[in-house]
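Chemist: In the numbering used here, the protein residues as written are 477 to 1150.
Please keep in mind that the hints were generated in silico from the structure rather than gathered at the bench.
Careful, some of the hints might be misleading.
In silico DSS-like links for lysine-lysine, alpha-carbon gap of 25 Å or less [what the hints assert, rightly or not]: (1) K842 x K857; (2) K970 x K1065; (3) K553 x K527; (4) K974 x K857; (5) K842 x K974.
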Amino acid sequence: MKAYWNITKSTIPVTLSVIFLFINNQENVFAAPPRPHLCRPEQRDALVKLKNELEVFISPFGYNCYVNGTILTPHPKTVSWEINNDGCTWEGITCNPDLHSLTALDLSSNDFNGQIMSSLGNLSLLTSLDLSYNRFSGQIPSSIGNLSHLTSLDLSDNQLSGQLPSWIGNLSHLTQLDLSSNNFSGQIPSTIGKLSHPTFLVLSSNQFVGQIPSSFGNLNRLLSLVLDSNMLTGNFPIALLNMTILYLLDLSGNHNKLKGQVPGWLWTLPYLRHVDLSNNNLINFERSPRSGPSLMMAALLVSNNNFTGNIPSFICDLPSLRTLDLSNNNFDGVIPSCMANLRRTLTDLNLGQNRLHGGLPEYIFKYLRSFDVGHNQLTGKLPRALIHSTYLEVLNFLYYALTYSTDRYYFKLPSLSCKSSTYRITTSTELCRQTTFVKWSAMSSLSTNEDKLNRKYMGDVYSYDSLVLMDKGVVMELVRILKIYTALDFSRNKLEGKIPRSIGLLKELHVLNLSNNAFTGHIPSSMGNLRALESLDVSQNQLSGEIPQELGSLSYLAYMNFSHNQLAGLVPGGTQFRRQNCSSFEGNKGLFGPSLDEDCRDNIHTPASHKQYETTEESDEEVLSWIAAVIGAVPGVILGLTIGYILVSYRPEWFVNPCVRKKHKHRRRSNATH
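Please put together the full structure from these sequences, using the hints given.
Modeler: Shown next as structure tokens:
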């Protein structure tokens, strides 16, 4: 048995070796051959040539692109393009494994400059080309017209110029074309109408002129048409009538000059959801040929046109409408009562700068986030529904001529959920209670340094609301409001009573304008807590007392106006007060102090109490001068007496007998002769 075990033991290593060699040979036999490159050699060579032609823009000032507080340095995607690797594994490259061919090239956001390389035309099987967000200039090379398989072409946000080539219409498979934010000029080529499959066409922010081509009527599969910010002219394009599945239409822009009526058939497009016709010369809405417009319409923007007459009633029949902007037109009449139909859907309503009259309805405020009826001829009292406006962020009642107010809760602003930035409010009653601003939490929490560092410099930092307010003495329009910008403008109203002490809780406030009202009492010292305040205007009121000394510590306060009140007393010190013009303090009972310039002191009335103060101040200065003189003389007298005592003590004969001094003098001369 032992001998058997010894034999078995000796054969185990041999057996294991044989098994190992067998397995190793089997692996070699069944191993798959090396995977071939998916990218064809001619395509790879074309990409390498393309890489050698690309130029990267190097800023002499360094890169300052920030995302979420992080500095981004452009990283060209071509860094990974090595000749020994499969081209389909390179960054920005997509291939079709079945066809072994390159299908998509994405070189967006790389800061490439120079002209677009003509060698791109060698990538004949390309279906998607994205060169957006670079610095390419010049014209589109004609070789791009060879890419007959393209379905998506994005050259947006570059510096391309010249006329759009007519061969663009030969790219018959295009479904998405984006040439926005360049410098293209001339007319839009009619050959674009030859594209049989486009769904997204974006030509905005260029310099296209002339009319929209009638050939656009062939684009019946279009979902999105964006032509804003050009210099297009002519009547409203009838070609849009055939775009039966159109979802988004944007013909806005400061330079577009489309004129005439908005045709009624536009509202018959069943899937139309977003329409922006602002900044044109449109004059009227044509009646819809059928009873009801699009049930999907969510946004209608027609500001800065020449619309006249009443607000069209078809707006009341848009059950999905969320945003309505009719501002900066010539609409007159009253706000239609049928807008009650929108009380559960409307979130943004801008009727400002028209000729509307009458009062505000009670029912349209339930879910509003932004509400602007400023610069109209509206009268009456504020709706009680404002009490329940918990979503309201931007409110503008500028030049709303309120005639009466029987209930201060019409203006119970603490009920508002002040989620962000700017308020422009007009009313005709007291500013409620001293606790008015207690619940305005968004303006009350002062940001820490960490919060400021974490603020995004890119992304959703703006509110898409426009607002006109007074800032640092200048009327300004905020076309887009920075969300961290907080302002309160209550000017030119009939507000009365005292300024609430709780206003000092709004530590995020940058602009405060309470001018041209009927406020009485003192300026609350709590305003000294408004550490972010840059502009303060309380002029043209009936305020009395002194300007709070606490305001002198507001280091950001660059503009202030206390004129035409009944203020008196010492003007706070501080650099900010010394820099103000005399007009900021004029028309008061008597303001004085070293912060006022000499010219201001001459122009501002000085009351008897101030003169008495100056006399007392001069007397005090004289007393201080005598005290200083005495303080300076006493040490001198003491020092003199001390020196005299020392001399008298040690050489008394020097002072008593003058002959002694002569004798000593004679001895010194005798010694000198010997």
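Chemist: For each hint given before, does the structure comply? Return the numbers of the non-compliant ones in rising order.
Modeler: 5
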